[in-house]
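Dock chains L, V and A against chain Z, hints included.
Chains as they are written, first to last, in my numbering: chain Z, 4 to 267; chain L, 4 to 267; chain V, 4 to 267; chain A, 4 to 267.
Derived by calculation from the structure, the hints in this document are not laboratory data.
Be careful, since some hints might not be right.
Identical chains share a label here; the pair holds if one copy fits it or two copies do between them.
Stated by the list, open to error - No farther apart than 20 Å at their CA atoms in a straight line, the calculated lysine to aspartate or glutamate pairs in the EDC-like style are these:
hint, residue 1, residue 2
1, K165, E225
2, K202, D251
3, K165, E96
4, K74, E240
5, K202, E240
6, K74, D251
7, K163, E225
8, K232, D185
9, K165, E70
Number of protein chains: 4
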Amino acid sequence: MSLIQIEYASKALKRTVQVKAIIPNDVMGFEERKTQPVYKRPMKALYLLHGYMGNCNEWLLYSNIAELSIKYNIAVFMPSGENSFYLNNEAMEAYYSDFIGEELVAYTRVMFGLSMKNEDTIIAGLSMGGFGAIYNGFRFPNHFGKIIALSSALIIHDIKDKDETFHNGVASYSYYHHTFGDLERVVKSDKNPEIIVEKSIMEGNVMPALYMACGTSDFLIEQNRSFHKFVQSHDIEHTYVEGEGVHDWRFWNQYLEPGLQWAL
Amino acid sequence: MSLIQIEYASKALKRTVQVKAIIPNDVMGFEERKTQPVYKRPMKALYLLHGYMGNCNEWLLYSNIAELSIKYNIAVFMPSGENSFYLNNEAMEAYYSDFIGEELVAYTRVMFGLSMKNEDTIIAGLSMGGFGAIYNGFRFPNHFGKIIALSSALIIHDIKDKDETFHNGVASYSYYHHTFGDLERVVKSDKNPEIIVEKSIMEGNVMPALYMACGTSDFLIEQNRSFHKFVQSHDIEHTYVEGEGVHDWRFWNQYLEPGLQWAL
Amino acid sequence: MSLIQIEYASKALKRTVQVKAIIPNDVMGFEERKTQPVYKRPMKALYLLHGYMGNCNEWLLYSNIAELSIKYNIAVFMPSGENSFYLNNEAMEAYYSDFIGEELVAYTRVMFGLSMKNEDTIIAGLSMGGFGAIYNGFRFPNHFGKIIALSSALIIHDIKDKDETFHNGVASYSYYHHTFGDLERVVKSDKNPEIIVEKSIMEGNVMPALYMACGTSDFLIEQNRSFHKFVQSHDIEHTYVEGEGVHDWRFWNQYLEPGLQWAL
Amino acid sequence: MSLIQIEYASKALKRTVQVKAIIPNDVMGFEERKTQPVYKRPMKALYLLHGYMGNCNEWLLYSNIAELSIKYNIAVFMPSGENSFYLNNEAMEAYYSDFIGEELVAYTRVMFGLSMKNEDTIIAGLSMGGFGAIYNGFRFPNHFGKIIALSSALIIHDIKDKDETFHNGVASYSYYHHTFGDLERVVKSDKNPEIIVEKSIMEGNVMPALYMACGTSDFLIEQNRSFHKFVQSHDIEHTYVEGEGVHDWRFWNQYLEPGLQWAL
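The shape of chain Z in the complex, shown without the other chains:
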């Protein structure tokens, strides 16, 4: 297994970005010294997104992703999303969605000899990263075959129509306006995953399959139930799971592996 830290000049973000990766390229046996590692190429890939206020280290530090990477023989790439909700930000010329959904996939496929097939490519995340997985998975159906979305921060309907006095304890109107654009129009804008899904269906794309999980005591449970109904009504292939739990690593560690088993 390789633990890799990558820093490269991103065109989509117009600056150098940091990505961490785990690539299960070898198996070191106790019993004998073989200098030739065992490689299986091309590999499947998992793009794994962190939550609000985190960075590329979160999954490494708080989950057993290294173990899962080896167990399921899948390369894992963890970028830093910088509170962007993994959305393009035209105002600041920082195209996070293009970075996650297009550039990073292209970069890592060539750099690490990954499978070029969307059916071998998974996007997953928790909270803000769950939003990012859903958004970018459906925005780039030719790149991703599967989406795993845990406790997703599907907050579009919570922030719509808010005015400048809004602050929900996490962030203020200013931040939401910066991230999602005009909040009066956000529901119908291309920052809303529902719009992305409908647009993608209209274009006749083969849509990725979706796995959603959320804790019944999570403060985002209703938002996840709503989106579940939304994808159901649009005939998106999906699995929806609820379990006891709140918005924490215990829940995410409990549901990441079933999500992977569903996807692989």
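Chains L, V and A in isolation, oriented as in the chain Z frame:
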């Protein structure tokens, strides 16, 4: 000498940030093995800022900063500025100026046992980082005693009054508006280092001394000459140097060491 | 919390070494932006040693050490032991024991402003790292107040008197001879932790307290029981725990936290 | 350009090793945002070895290797050699030569899609790394087409026949015995690059071409002249250069680029 990579939860940016550091804490002699390193505490510190499109690696990869750190026995901290011009961005709730000028100084002083005196603390940078060094050096005169500004991107007067059709080959109106706020008011706003200097003088602060260098063929030479006249007219202690050269690492490598010698 | 990667010139190993660290120096609250992190200095410290074939990443990747570091407010340092059993190797002029037990403690205490008291300093490890924790904890009683040893590879009596035909599936005679010296004399040599304990008692040192845990199905259980009897017969303050389990991360993750609770 | 840190489980060293890399996989233009990076695959590769007491950071910190990597469009891999002289050490079961000359080449070729041809593969180093480049270049002629050896520590004839009282200010008899084996037989042993060259010629291999450079005031100048005569007398294709200088980075920075130009 220690090469250190730090990732910590920044309050000012509301997320985990990456900083690289070189700390000349020991001298390993060939002649004998001594397990007790030689420490000199508290240490002087240099905060070293990269240019537009770069990150915390730039100075490490393209300059001889490791050698200079050892030669002048000074701890060097290199943060990532992410095309922010090291300015607070209220709209996105990302306070880069507070991060560079206040939080990072406080964090590193306690974490690494640095000198608490502004006279032992230098802020320096190139291009966008030169702008950031000037801006934050004068905004936080109690934290920094010296500023080294190389080929500084003092572009306020270039972007003022621009409208939405503006694009100067580097970035567009949208980006400048995002970064500097309303361009019609930018000259009189607190994003203009001149305003910061004047405000700081008014408050009766002891101002840091400034070292400026710019290449005579640099596309930013006139902007640097203007700011030189500005600080001159405001009786800021400073040294201004011009030399043959353009906007490249040859120039920055030529003038960083004289800047350090001036500062130390 | 800070995740830190340190590379510094070690005198004890005569080359640059890599250490990873987690330092719980701040708490970032959701509710408000405070640029001044909360520091508690001087901090307690835990030196955490990996097993055979591992490196400084193991504890980061396979345990919840980041969570524990924050929960118990203790700085954690993870060096790379390179199959050395954390013993001095005079033949290769690589003094791993001095590195772990003396230099790294001195280096990190000054670099990160740690507590200078042995009662605030813990050494811990698993398997080969459990051996290293016991060996260096008792060799440097003035540096360490507590030892946590999980599934320790206390193999001195397994390798004594072996000849050149020996190979136990893990490594050969050659490796053991290289690491532990003359196997005919190893039991009475200063590579045997028992000798270190007895020497330290003779010198009148206040000995660190010891916490040992081993799985009842671990292939090293008898070796751990023997050493338990040894410390018992020498009146070393210690806690000895057995639990269901084998030589794996499930066991180590189960017993690290109780070990820390015992130590703190 | 990508700066990459790799930590992977080496079979040859039976533990996790750290390698740094620079891979010039993209060119980020100022003028436009293109999300699709420009890749040229398969790439040429340079394995770049540090000197005694260094590690994988040395070339990054003290040379302009990042600039050269981009300029000549070549992937650069910098492993840590840990005072091993890049030789197999049978006694400690740590096979550094196999690691450098075989495993790392195989690992990086598959991991990063490098050219499989020896003519596209260069091994280079300074001082101890120059020794390692020569030794492993000639030991693995099917892997490397070109060798660049700067100020090489070709010390076999300096340490032969030394006894236990030997210490040359750098290291003692014990270390040399550990690293090179029996010093009475070292000249005729497979730790001597001359023996490796002669063996490889006997086997009928197509030998890599060699570029050697050494400063006229370097303490290793005579050793380099001797080896130059040796390869001359064995009809090895080579270029030998002397220049003013000592054993320092000024010299290595002056001769690395001409070496690369010769090789490419």
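Discussion item. For K232 and D185, with the copy left unspecified, which applies at a CA distance of at most 20 Å: within, between, both, or neither?
Written reply: neither (26 Å within a copy, 42 Å between copies)
Worksheet item: 20 Å Cα cut-off: does K165 pair with E70 within a copy, between copies, both or neither?
Response: neither (43 Å within a copy, 36 Å between copies)
Discussion item. If the cut is 20 Å between Cα atoms, do K202 and E240 qualify within a copy, between copies, both or neither?
Written reply: within (16 Å within a copy, 60 Å between copies)
Discussion item. Please sort K74 with E240 into within, between, both or neither, judging by C-alpha distance up to 20 Å.
Written reply: neither (26 Å within a copy, 41 Å between copies)
Worksheet item: Quick one: K74 to D251, C-alpha cut-off 20 Å, is that within a copy, between copies, both, or neither?
Response: between (23 Å within a copy, 15 Å between copies)
Discussion item. At most 20 Å between CA atoms: does that hold for K165 and E96 within a copy, between copies, both, or neither?
Written reply: between (24 Å within a copy, 17 Å between copies)
Worksheet item: Given identical chains, is K202 near D251, meaning Cα to Cα at most 20 Å, within a copy, between copies, both, or neither?
Response: neither (33 Å within a copy, 46 Å between copies)
Worksheet item: For K163 vs E225, is the C-alpha pair at or below 20 Å within one copy, between two copies, both, or neither?
Response: Within one copy only: 16 Å inside, 47 Å across.
Worksheet entry | Within, between, both or neither, where K165 and E225 count as close if Cα-Cα is 20 Å or less | within (19 Å within a copy, 45 Å between copies)
Of the hints listed earlier, those the structure fails to meet are numbers 2, 4, 8 and 9, in rising order.
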